[in-house]
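Student: What follows is the residue order along each chain.
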Amino acid sequence: EDQVTQSPEALRLQEGESSSLNCSYTVSGLRGLFWYRQDPGKGPEFLFTLYSAGEEKEKERLKATLTKKESFLHITAPKPEDSATYLCAVLLNAGGTSYGKLTFGQGTILTVHP
Amino acid sequence: EAQVTQNPRYLITVTGKKLTVTCSQNMNHEYMSWYRQDPGLGLRQIYYSMNVEVTDKGDVPEGYKVSRKEKRNFPLILESPSPNQTSLYFCASKREGLYNEQFFGPGTRLTVL
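Protein chains in written order, with my numbering: chain Z, 1 to 114; chain W, 115 to 227.
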């Protein structure tokens, strides 16, 4: 069975305290991995797509990396506005369609204190 | 503004009373999908549609119906809601293409008493 696990479930940081979120997976037919950010009361918002092991993507204070078994979302010198739930989702090949299928992890709730 | 809209945003209902949650997107996306989000379980796919009149089950389809008569709309129907369908529901859409990202609506919080 395809499984996606995010850790930790919740993370509290002080402003400026860098850390990493983990997304590990055991799936067959992985085609890529997405990271989303979700603010309270809102839908997930796209951050990154990672296509293959070894790839890295950066956006402001966030950097996402991918290996064959897991992905990390590194947060450098976070600010209170980075507080949100971060979701990873693995992209699987669904029956050879051109859309694929996303399987989500349960999310990591990040709180950054000033 | 490119967006996915859902209505209603909040709904409290009683067991067995049929309801429909509407979803509309203005980006001319072919693919649309419904998810439910529950604490500790993440987002789970209910149904999806790859184009007009083409729908298929996701991981948790029991108790739900969908239809796709127009490209922009993808309503979610609960014919006889039960308390275990109390959840936060999201509609999403994307362009054709394996790596294109999904755009999510703002969510509908449903409570079934």
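If you are wondering where the hints come from, they were derived from the structure by calculation, not from laboratory data.
Be aware that one or more of the hints could be misleading.
Claimed, not checked - Across the chosen pairs, the derived CB separations fall in these ranges:
| no. | chain 1 | residue 1 | chain 2 | residue 2 | range |
| --- | --- | --- | --- | --- | --- |
| 1 | W | K179 | Z | E17 | 26 to 36 Å |
| 2 | Z | F46 | W | P175 | 24 to 34 Å |
| 3 | W | E184 | Z | Q14 | 29 to 39 Å |
| 4 | W | L155 | Z | F46 | 16 to 26 Å |
| 5 | Z | S83 | W | T225 | 40 to 50 Å |
Just so you know, even glycine gets a beta-carbon here, dropped at the ideal spot from N, CA and C.
Student: Work down the list of hints and note, for each, if the structure agrees.
Tutor: Hint by hint, here is what the structure shows:
About 48 Å separates the C-beta atoms of W/K179 and Z/E17, a value inconsistent with the hinted range of 26 to 36 Å. Checked against the hint of 24 to 34 Å, the pair Z/F46 and W/P175 passes, with Cβ atoms roughly 25 Å apart. For the pair W/E184 and Z/Q14, the beta carbons lie near 50 Å from each other, so the given range of 29 to 39 Å is not met. Between W/L155 and Z/F46, the C-beta spacing of about 21 Å keeps the proposed range 16 to 26 Å intact.
Distance hint check for Z/S83 and W/T225: the Cβ-Cβ separation is about 26 Å, which falls outside the suggested range of 40 to 50 Å.
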